[in-house]
Amino acid sequence: MKQQVATQNRLRWHFDPFKNFRRKAPMEVIIHIAVAILFMAVALSYLYIFFWAVMAAVRTHTEIVMEPFALPVEWHWEHFAEVFEKLTLSNGADFWDMLFNSLYFSVCAVGLQQFTTVTFAYCCTKYKFPGSSLVYPIIIVMITLPLYGTSGAMYEVLKAFGMIDSYTHIFVSASGFSATYLYYAAYFKNLSWTYAEAAMIDGANDFQIYLKVMFPQALPIFSALYLTGWLGVWNSYDSALIYLPNLPTLPVGIYQFNTEMIYRARLDILFAACVIISIPAIILFVAFNKLITSNVSLGGIKG
Amino acid sequence: MPQNNPLIAQKKKPINKMRIAFILCCITVPILNWLIFYIYTNFSAFFMAFTNKDGVPSFDNFIRFFDEFRLETSDIRIALKNTFITFGIILVSFPFKILVSYFIYKKIPMYNFFRIVFFFPTIIFSVAVTMVFTRLVGVQGELAQWIGESLGLGYTPELLGDSRFANYVVWANLIWISFPGDLIIWGGTFARIPTEVLESGRIDGVNWWGEFTRITLPMVWPTVGLQMVLMFCGIFSASGNVFLLTKGMYGTMTLSCWMYLQMYNNVGNQDTSNVFNYLSAVGLVITVIAVTISLLIRRFTDKVFDEVEF
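Just so you know, the protein sequences line up as chains A and Z, in that order. With this note's numbering applied, the first sequence corresponds to residues 91 to 393, in that order. With this note's numbering applied, the second sequence corresponds to residues 32 to 341, in that order.
Next comes chain Z alone, as it looks inside the complex (with noise of 0.2 angstroms):
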């Protein structure tokens, strides 16, 4: 019986030792990569919560965390309120985004000019952006001199150095910056419609509404779809450009920028303080929300993972 001697089934089953080779040389690297940078690191940082500095076991981050929190004026109730209010205006302009790369889809006039422009806020440096938006909204510039004389101040305010607006300045900021929405993978996901379909509901006379609800919108539902869970699963990163507007002053603190000053304030002394224990505690606690969150999310939009093809 030929399927019973040891000696053909080797034959039909050899080992390929370079198909091994190759694959260990394709894996290798990212998984090791994974399990230190992702796996350990996370770990350590759970565990990092439940100690202090000295690495003696300890409730005390957790409890700093909610004393902190109970105050109203604390940072990170701050933080947490405008992180919120910052998503909401994500949430409201995401439609807005799809339709900048839809009518640039739609090629209307100097379409091509305002793909290459839109860019631009991302291709300049960020701090670069950021320093001349200072200046435009700064007591030299219109915008701060016509509020002062709106509101009847009497002197022109310093709109990011004053509690009362700086918040609307970073939102401005946002809106203003963000205007294009992510054009890469819009622009990408409108190209790959079939010409064909648009075509023939032209030729069955539909109307350009008509084509935009019941041929595009619904042929783009799955990365619609896709971008929304996305953006709830990271509803606690959501922030302006706060850190070099503001560094978080004036009332405008938003959790990654809180959490980012926690790191960039204490590089350096992270021996003698406690700081990353207590940022490991405190991200701890927005973990479990924002599992939470993305749990429930998950469990109404599964059929978005399903229905994705990238």
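Next up, chain A with everything else stripped away, as it sits in the complex (with noise of 0.2 angstroms):
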């Protein structure tokens, strides 16, 4: 009986939307209801686009020409299991050459970016060596004097490298000297170096300080950050539009598909592709939004 009051207890406090009202003064709570309301419509609109897409999915592709916004009459869920075999484009490419191409891109690329970056962090961080203390400013001076039109040279480099329209693509992303090195670079400075001292009287070398001690503790900030990246490349098209059109991701099939949809329109099938494919970023983010929101921060805190 005890338990069954508790957990009633526990189940009201959990719904209860005011909760942190208790020690708020009348304004405060007022602007807080004014604002929830209003980001209340922005939330509304941007799930009435996946709204939208689920029942366009469901519809036929008359349908939803003649008439975008009704229901559907019936019910087309086989579209879903469609979309594996006819989401094809003219160059051959299927669904599954899609799906390998944008997990290969987004994990690998964006893998081998975030540990090269990390790596290269760690180092120029705890060690000192010719050039070390240089990586900081040189990045600031990146970040901050961006450079325009330079996507023609950058082609003709990856052409006399053969990584157009290659799995060797992914090369490019190994790169230390972003945005992402001043968030590792905070991290290592700020992280003390006993453990790595106490490593080394047990007689572990650099290596295995780096990979057993340092690197793991860096694993929360690195998860996070690698995730941020891999929703950034899992959705990307543009890059990829040009670099890769021959090695289509998910978006690009999909922008491709729908501009070759003047020779057999399938709307329906297009729609059903796009929940498909969002579902797996929405559930990692849904899984680790925490993650995410709470180990990434630009600039820190005045105190």
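Since the hints were made in silico from the structure, they are not lab data. Beta carbons are placed, not taken as given, at the ideal position from N, Cα and C, and that holds for glycine. Incorrect hints may have been included.
[Claimed, not checked] If you anchor each label on the Cβ, the simulated ranges turn out as follows:
#1 Z/S194 / A/A171: 25 to 33 angstroms
#2 A/V119 / Z/G185: 43 to 51 angstroms
#3 A/A171 / Z/I320: 47 to 55 angstroms
#4 Z/D235 / A/C198: 49 to 57 angstroms
#5 Z/K112 / A/C198: 36 to 44 angstroms
#6 A/W186 / Z/L66: 33 to 41 angstroms
#7 A/S282 / Z/I206: 41 to 49 angstroms
#8 A/Y194 / Z/F78: 29 to 37 angstroms
Mind assembling these two chains? They're in different frames, but the hints should get you there.
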């Protein structure tokens, strides 16, 4: 009985949206409610995108064209299954090719980029060698002095290295000179060296110290930055559309499928694909929301 | 004298080969990558600006740019104008974006729900979001019909296919999509404010407004300053979702969309056209202006970087 009451209390407490108003002034409460109403309107508009895409996915192409905002007359759930078979491009790439490319370029490229950067930042922060102190100012200059119109030259360089339409394209990401470096450098700067000293006394070499002692401690920030980077690459289409047109990732495939639809109109398949592809990103984000939002900050706190 | 004994000196500072190997392993790849894909590429772009497609030195790319810029209807001129307007919108909306994260941090009702849903435009493919948005503002949508009726046009305008409306729709899309701002950066920054500071403020009788203006805002000021500096430095990158919405047509071109289109439309025939060289020249002119702005800003805001703690 006691347990039941405790569970009820816990549930009531959990579902109480005004639990944070207890110590607030009336004006603050009013402002918070007004802001929440505004936020709710925006949030609902975002949810509507997803809802509309799901509705479009279960309707027929003609229905979507004739009445884009109507609800389905018949629910064609089979469109979701058809995506795997019918989302094909004129260059022969099908859904599975696109999925593989998306996974390869998002998981490997971001992994390579993050691991190169975290290792580079660790080395420059914890070891003194000629030029180690120059990296930080170089990166500050790079991020504050943007260079424009270099994509043509980049294309030529990538072509010379055989990295256009190639799986070797991921090596472009193996760069440590980026804003991400600043996060890792700050992290390692504040991380005590005593752990490493203790490992040294135990006979560990520099590789072991990094891989077994220091890097595991940076895993929360590494995971947060990895997930953020993964989301960005998983959803991006722009550079892949130029540098990897024949190895289409899912966003590129959807863009190309949309462009090619003059020949075979299947908006239903297109939106079913959009829904299917968004789901892993949404699940990952919801699952790791706290990890992502509490480990990354820029600029720090004054005080 | 032990200090002068070379053997002892050698013993004091032995060459740690393992350490050298470790350092080399850590720095070789990023430095090589930087030398090839940043230094060499940017130098290459610089020289491409001063040559034609055959590699012959020439100022033709710059002459063409200034000739095109003189034409009032040229894409590049429209692009520059729209880029500045877009930057203005981003600048004005900047404080509101900070407030979005602030209110979520202050745990307004349903804050956990907002914290997730506000990421939806980032999580869901921009290609998909744009496809849905295009239909929302299309001729069958309420908005286009309402505009047609309100203006007494007698027909429903294609908002994204009409130069009178297209820019407004692109900007509305930008404001709508970017409403939550950078929740990751700001969420993380607010989360790092020590709760004891806020608690002691409350005990001292500071109300919510005083807490925001006299405690929270001053504490996150380095981040505000840094974000402002970075925003001004990237002024010429300001753009809405122009490529996906209109491909820069109907007067919606921005500089970054223009540059992207030069690549998108010409990859494959770059050997026969001068497009990469022209792109490099336009980029160089913009870079010179951007660097000037950036240096001026840095001159006045160097303190921002001194105070910054990432």
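Hints versus structure:
1. Z/S194 / A/A171: 25 to 33 angstroms: Taking Cβ atoms as reference, Z/S194 and A/A171 lie about 43 angstroms apart, which means the hint is violated.
2. A/V119 / Z/G185: 43 to 51 angstroms: 49 angstroms, holds
3. A/A171 / Z/I320: 47 to 55 angstroms: Holds: the Cβ-Cβ distance is about 53 angstroms, inside 47 to 55 angstroms.
4. Z/D235 / A/C198: 49 to 57 angstroms: For Z/D235 and A/C198 the Cβ distance comes to about 53 angstroms; the hint holds.
5. Z/K112 / A/C198: 36 to 44 angstroms: Because 41 angstroms falls inside the window, the suggested range holds.
6. A/W186 / Z/L66: 33 to 41 angstroms: 37 angstroms, holds
7. A/S282 / Z/I206: 41 to 49 angstroms: 45 angstroms, holds
8. A/Y194 / Z/F78: 29 to 37 angstroms: Given about 34 angstroms between the Cβ atoms, the range holds.
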